[in-house]
Amino acid sequence: MACMSIRDMCRRFHGIGPAKAITIAAALELGGRRKDVKENRKPLIRCAADAYSHIRSSVENLPTEEFWVMLLSRANRVIECECISRGGTAATVVEPKIVIKRAIEHMASSMILVHNHPSGNLTPSMQDDALTRKLREAGSILEIPVIDHLIISPEGFYSYADEGRL
Numbered sequence: 002m003a004c005m006s007i008r009d010m011c012r013r014f015h016g017i018g019p020a021k022a023i024t025i026a027a028a029l030e031l032g033g034r035r036k037d038v039k040e041n042r043k044p045l046i047r048c049a050a051d052a053y054s055h056i057r058s059s060v061e062n063l064p065t066e067e068f069w070v071m072l073l074s075r076a077n078r079v080i081e082c083e084c085i086s087r088g089g090t091a092a093t094v095v096e097p098k099i100v101i102k103r104a105i106e107h108m109a110s111s112m113i114l115v116h117n118h119p120s121g122n123l124t125p126s127m128q129d130d131a132l133t134r135k136l137r138e139a140g141s142i143l144e145i146p147v148i149d150h151l152i153i154s155p156e157g158f159y160s161y162a163d164e165g166r167l
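According to my numbering, the stretch in the sequence shown is residues 2 to 167, in order.
No lab work stands behind these hints, which were simulated from the structure alone. Bear in mind the structure is a predicted one, so any value in this text is a computation, not a measurement. Don't take every hint at face value.
In silico DSS-like links for lysine-lysine, alpha-carbon gap of 27 Å or less [unchecked claim]:
#1 LYS98 - LYS21
#2 LYS135 - LYS98
#3 LYS43 - LYS102
#4 LYS43 - LYS21
Turn these sequences into a full structure, and let the hints guide you.
Next up, the structure:
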């Protein structure tokens, strides 16, 4: 129907006149344009600063710790940013299988791990390192690599990739 002319719509569908056919054609055109705009709005992630800019407002000023995963397409465009867990002021529990499940559900090609430190301290903890290692191993097996792990606070961000720790 999207590629039919106004005349063809009127002939093919009983009860559709020129005014209704124009309305349908306009709706189809707007739907196509909306899809194009939506696809173009998916941000491209080229570096840690791009990822930080994209997710910063969601996590930097939270009173409790949250763990998010940023799922990326093969072209490094954001498919989805999803909160995996919420915790207390000092920690949150993250199950690797839930992170991997979300990546598979969205057919992600890679992922960036993100969590906040409400304390403002940007230094990774031993638990942060252990979780990063687990998720890297799991992602590697499934060919969904972890390309970074960001720790975010009101003071800025820490990137495992930028620090050579991935």
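Hint check:
With a CA separation close to 51 Å, the supplied pair LYS98 and LYS21 exceeds the 27 Å bound. Of the pairs offered as hints, the one joining LYS135 and LYS98 holds, with about 10 Å between alpha carbons and a cut-off of 27 Å not exceeded. As the CA atoms of LYS43 and LYS102 are separated by approximately 22 Å, the hinted pair is consistent with the 27 Å bound. In summary, the hint linking LYS43 to LYS21 is not supported, as the alpha carbons are separated by about 34 Å, beyond the 27 Å threshold.
Hints 1 and 4 from the list above are not met by this structure, while the remaining hints are.
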